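J.: So the sequence shown is numbered by my numbering: it starts at 54 and just counts up by one.
Rather than coming from a laboratory, the hints here were simulated on the basis of the structure.
Since this is a predicted model, take the numbers as computed values, not measurements.
Virtual Cβ for every residue (Gly too), placed ideally from N, Cα, C.
Among the clues, some could well be false.
Only pairs whose alpha carbons sit at most 20 angstroms apart, straight line, appear in this in silico SDA-like list of lysine to any residue [stated by the list, open to error]:
#, residue 1, residue 2
1, 253, 306
2, 253, 142
3, 308, 131
4, 308, 130
5, 253, 311
6, 253, 302
7, 308, 298
8, 253, 304
9, 253, 127
10, 308, 136
11, 253, 308
12, 253, 134
13, 308, 132
14, 253, 130
15, 308, 134
16, 308, 254
17, 253, 314
18, 308, 297
19, 253, 317
20, 253, 301
21, 253, 136
22, 253, 243
23, 308, 252
24, 253, 139
25, 253, 307
Taking CB as the label site, the calculated pair distances span [what the hints assert, rightly or not]:
#, residue 1, residue 2, range
26, 74, 140, 44 to 54 angstroms
27, 277, 217, 32 to 42 angstroms
28, 77, 127, 18 to 28 angstroms
29, 311, 284, 35 to 45 angstroms
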Amino acid sequence: MSFSPQLLQIVLFFSRFGFDIHQWLFAILAALCLGMSKTGFTGLSMIGVTLMAEVWPARESTGVILPMLIFGDFFAVILFSRHALWPEVWRILPPAFLGVIIGFGIFRLLPGAVFGPVIGWIVLLLVVLQVWRRSAAGSRSLAQLSEQATVLSGEDQSRRKTGSVFLRWSLGALAGATTMLANAAGPVMTIYLLAARLSKYEFMGTSAWFFCLINLLKLPFSYSLGLINLTSLSFNLILLPGVAFGALAGQRLLKLVPQLWFERLLLASAALAALRLISH
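Please construct the entire structure, taking both the sequences and the accompanying hints into account.
T.: So this is what it looks like as structure tokens:
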């Protein structure tokens, strides 16, 4: 039985990664989750992180995911950029960048074998944080909360900025550290931006620009750790269509799916995936 040269090249290209069909399915699902997390369903990012840690070694998976997140960020910026509140972006970037540096230092000290449990614990703690946020908000969805904030759209920006300097620097540093260690800063930033009383689209625009900029700032750190290379970029290239499809699907589904029940399912799934990583 003979194969065409083109088919043989495709087979050889995919075989270089050494993944089986189940790992490729996990990778495709992770790409879809990462894309959808950028255009409405933020909780899916935690599932994408844990799925990718099932495909690649946990330490390397953090670098593999980063270019895919940036690609998804570009979609979010295109869709929601005009709604961004730049004062909020500039206020949170310095503490977040400090957190990235702290996370980078921790990253260098941790042995590779503990990264699976570390990512699992970070995701699990952020799930608990998200559940606490929901409970404190009376179990209302992000969309419901932010719609109430639309009446504040004409309010002076100085009155809408988030709480104290301590709150901004503590949450910003925590977001930076968790995004450097596990690409899982979404719940932390959700809490911070909700404190600013943003409308739904202001929330999406502000978070889109924040994550786009902070992920770009993370690139040299991840590269210096050896987490981004030609092999990982080739893998990213295969999955970029999945990220794009997820981003576009997320924008459409956001209008159709009941957010509250969907987010509850996401949190439960993320918790189970985190427990699996912890148990490895």
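J.: Against the earlier hints, flag every one the structure doesn't satisfy and list their numbers going up.
T.: none
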